[in-house]
Amino acid sequence: MRNRLTDLLEIYARHGDAVAFVERRGLRAVRWSYRQVVETAYRVAHELAARGIGKGDRVLLWAANSAEWSIVFWGCCLRGAVLVPLDVSSTRDFVTRVRDQTQAKLLVHGDEIRPLPSLLAFSLGELIEQSARHPAESPVSEESAADDAVEIIYTSGTTNEPRGVCLTHRNLLANITPIEREVQKYLRWERLVHPIRFLNLVPLSHIFGQFMGLFIPPLIGGETIFQHSLNPSEIVATTKRERVSVIVAVPRSLDSLREHVINDWATRGELEERRELLSKAKAFSIARRMLCFRDVHRRFGWKFWAFVVGGATLAEETEIFWRRLGFAVIQGYGMTETAALIALNHPLKSKSGTVGRALPSNEVKLAENGEILVRGDAVARGYWTGKLEPVTDDQGWLHTGDLGELDAEGNIRFKGRRKDVIVTSSGVNIYPEDLEAVLRRQPEVRDACVVRIEDERGGEEPLAVLLLEGGPREAKRAIERANELLASPQQIRRWAIWPEPDFPRTPTQKIKKREVLARLGLPSSTTADRGDLLNDLIAQLTGIESGLRPEMKLSTDLALDSLGRIELLSALENRLQVHFDEAAITEETTIGDLERMARALSPTRSPQYPYADWPRRFPFTWLRIIFFYALMLPLVRLLARARFYGTERLRDLTGPALFVANHVTMVDHALILAALPARLRHRLAIAMDGELLREWRWPEKTLGWLTRLRLLGQYFLVAALFNVFPLPQRGGFRRSFAIAGELVDRGWSLLVFPEGRRTETGEMDRFRQGAGLLATQLDIPIIPVKLLGLFELKKQRRFSAPPGHIRVVLGAPLRFARNSDPAQATQELEDRVKRLEAERQSDS
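In the numbering used here, the protein residues as written are 1408 to 2251.
No wet-lab data here; the hints were simulated from the structure. Do not take every clue at face value.
Stated by the list, open to error - Here are the simulated DSSO-like pairs of lysine-lysine, each with C-alpha atoms no more than 27 Å apart in a straight line: (1) K1772 / K1647; (2) K1592 / K1756; (3) K1919 / K1883; (4) K1756 / K1710; (5) K1822 / K1689; (6) K1919 / K1822; (7) K1920 / K1960; (8) K1917 / K1826; (9) K1462 / K1512; (10) K1920 / K1822; (11) K1710 / K1689; (12) K2202 / K2241; (13) K1794 / K1462; (14) K1772 / K1826; (15) K1772 / K1756; (16) K1687 / K1772; (17) K1794 / K1758; (18) K1710 / K1687; (19) K1919 / K1960.
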């Protein structure tokens, strides 16, 4: 029987070099093993001691999910310090009040966060770096007792005075232990699908995020993957790429993914057919459901099988949707005051529409008014408001404020928040969740929330606040159709249209209903107010906080280059959890255009590019090597008779590299391949015009069949023999950059031509800024390459050259820090390539 949470580190250590955490930083994936996590946590504990942090001292942790976050958590536990995790989106005012209330002695913050004054502070990277001087040995510190505090979690930043929940070793272990016992029964079967990978989309500052990110995966030697983007397209891509088994998310993410799948069906003209199949799937076995909806399973990857949902209530319609597609949906019920869990559905015995049975550590009953009461070891020690205040009544019962029902098997069915119940003037109780579920089923409604307002008789009635897919005229039709499905007392008489792209939400994506009511009461509620999302994002990126007008262009008026526009679109997508057509954002796009796109919230598909992986698999890898040595290299030696300079600079190059070259002819890549040593040329992927590859892969249907066949043949031949990947000129950059990062993660070097086209004058064109982004985000050596002597032959239309006329000059490797300015990096690369010609002339 464990008494301290730090005993879990024994399990971490047992898994050794197995991967514990994966996080995508920029374009690369960073992986931490269990051994690295434990050893670094030991070092952090020593560093905390060196900084005067002792048992019971409070440490603020204000950062996004990462392996380093978990290391600081465990380091504090080992030292006996009390962690105070803060959501990365917390305001500085709120953090300041928490600091004062907890009398914190240290702040550990993310690299992107500015520290508070008058408080010892380190960024996560700095703390890990400073701790490297200490031994990777368990620190000798005062023994922690079961009732000692581990952390203080602040559940909301909206109240006038912050109030944190104080959780102890006993609280957390009370919920971990019964799950561990149950997991032991299935470990021999887990070996068949090991490792189980968890994609964790919930903040670690939330207790549910900690449970599914830090505590449960180690019990089965699983991997936890952190992703900061909530864009459904990126979630699906990550799930397939990383071979994820389980997605850990809040209900809104499942809603967004559901919309993503439905929109994809609609785009392909299959929506009605799929809806009919969904209705029939209720009677299908799991295997038949997977077969019928194999297109969805193929997109997520065949290893993915389950969602674990918490943090809010999942709509029954959404649960049914995913179950009928053949996925498991595992719901739990709990709150911060109960260390995450009160009840949990068994993954293999879950009951739809319920949140499962109470865990053995919890005793649950219903009060006369239907409120769920709970007591047991998992119930928090108290609330922290400068001192501990009890969370339970005199008999030890925690009043959850939630209404529920218990079925004959002990499963809990969640009915809603007691404080949200609307009591009409005729004494009828209306549960907002019931009305919201019906409203969300209407095709005109993207999302909805129901709030309490006063009726004309002094009683209460529901007000439906709608986020619409279309215009205001759609609201009446949606309300009328919803009322047909509601009982007479539930009928919606009053509604409002939410004017902004999304509702205000908590870090776990719950709608802030109080804020919704407050904003609707403002005179400016009919238009986007001071909280306007788009203007806020533009202000963050450009520093322009006033004078923004709808007709202002993103490029000329706001000085957003292609990378800036991508960053703006990514931030907008992440906030709204939808996917927009990147190609629609051009130099001519205005603020008004983008605002209309955001308000319409009609996700569209980005233009397709052929991101094929088959050229990097057997037998094509061998076919390419045979082609190079049997045909390409002999031709280069016979016709080009080129000389290669600077090859000695590649001797110490062991891993992948980024080769950046000027572009003169269509045989540039062959000359560069010939200049490289075998270890690099055999593992080189070449960036090619994405639009051209798309035209070849999917020829226009208006072309003759022979032309289409020729273009298709060109695509497969070029992809197989030259290992190209698309780098579009006009849109779709993000996906191409992500592919570049994945290739480097797998050990492939890259060759790019940043001019984007072959020179027409013999002079180098300006480098496009995508090269700077790759250089700063890939974290690999960059080799500048200069091709000389080709343009003269091109002008003369000659296909052979005298010996030494063509020269390939390789520059010295250079690197850029991840936080470097991409624009400056682009200019530096351009200058380095230009200087290679002068260097070659001076050497000769």
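What are the numbers of the hints the structure violates, in ascending order? Violated: hints 1, 7, 16, 17, 19.
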